[in-house]
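Use these hints to put chain B onto chain A, whose structure you have.
Sequence order for the protein chains is A and B. Position one of the first sequence corresponds to residue 20 (this note's numbering), numbered consecutively onward. Position one of the second sequence corresponds to residue 40 (this note's numbering), numbered consecutively onward.
No farther apart than 16 Å at their CA atoms in a straight line, the calculated lysine to aspartate or glutamate pairs in the EDC-like style are these:
| id | chain 1 | residue 1 | chain 2 | residue 2 |
| --- | --- | --- | --- | --- |
| 1 | A | Lys57 | B | Asp77 |
| 2 | A | Lys24 | A | Asp43 |
| 3 | A | Lys120 | B | Asp98 |
Not everything, but these chain A residues come out facing chain B in the computed CB check (under 7 Å):
| id | residue |
| --- | --- |
| 4 | Leu53 |
| 5 | Glu61 |
| 6 | Gly62 |
| 7 | Pro63 |
| 8 | Phe65 |
| 9 | Phe123 |
| 10 | Gly124 |
| 11 | Thr125 |
| 12 | Gly126 |
The hints are simulated quantities; they were obtained by calculation from the structure and are not laboratory data. Glycine included, every Cβ here is placed at the ideal spot set by N, Cα and C.
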Amino acid sequence: DQQVKQNSPSLSVQEGRISILNCDYTNSMFDYFLWYKKYPAEGPTFLISISSIKDKNEDGRFTVFLNKSAKHLSLHIVPSQPGDSAVYFCAASGTRSGNEKLTFGTGTRLTIIP
Amino acid sequence: DGGITQSPKYLFRKEGQNVTLSCEQNLNHDAMYWYRQDPGQGLRLIYYSQIVNDFQKGDIAEGYSVSREKKESFPLTVTSAQKNPTAFYLCASSVSGTVSGGYTFGSGTRLTVV
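Extracted from the complex, chain B is given alone in its bound form:
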């Protein structure tokens, strides 16, 4: 079955550490996205990539980094520069050039700073 897989489901990080969240899709989608969900704030765009080896900052990119070396993979690194990293992180993908049908989302990673 085609889909988008995020791992791990739960992640704990000590303050000052970088952590990387995995996102893999086998839908042959060109575009991939990272969103962050906080209570009462909906989904906010962190980074997105419409093609391999290219990505753009979203609305809240500070303290995050991404790479897009393969079409299937779009890992997100939460760096120590991110002041409030505790949140639910969602990865999504779509066919580039259209939003018809919307995005396909992964099941999310909950990151907690301890």
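Just chain A, with the same shape it has in the complex:
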């Protein structure tokens, strides 16, 4: 049972344009969400997070939007740069339920075209 889903395995975007990565979740106990970026043969690195008490969090070129009613979140990268080419994982946690373990999605491979 995949509780965190990233339905697009890959995405190609022109350099300078906006990249939008999507993530859906099914567990209503999830209340904290994170995005990680991963290069091949390396560990994921934390990008940005959002608590369920917010609907938007911004950090430089990265913005995460949360739609709780739709159980959907998205990561916007603008402008996209070649170094953004990587696999992006969405992750969720149920902090209020005491479950701090992160549940990860399957990842989206983003390719930025120069």
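Structure of chain B alone, referenced to chain A:
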């Protein structure tokens, strides 16, 4: 510099052999985790430990064992009972009691059964 170190980076195992993957952190984190990455399946939790001398099974613990004798160390043994051990293994750590800021990941160990 504080960080989390996994070794070796590449590991080859003959069928029927047990192998142990090392994970060491000097971040003073209480919690440590082992994930497995397979193509198209994201990161799946094998085992986690929130405190020394205690650990819990994750979603795919069968065929694996762990120990947590020291705060800094969380080795993973892949036993001969694991049917499909070839994968990329990631160790992570976090401050127990919060997922704010997410996990810190090691750079991974790629295990191949030959």
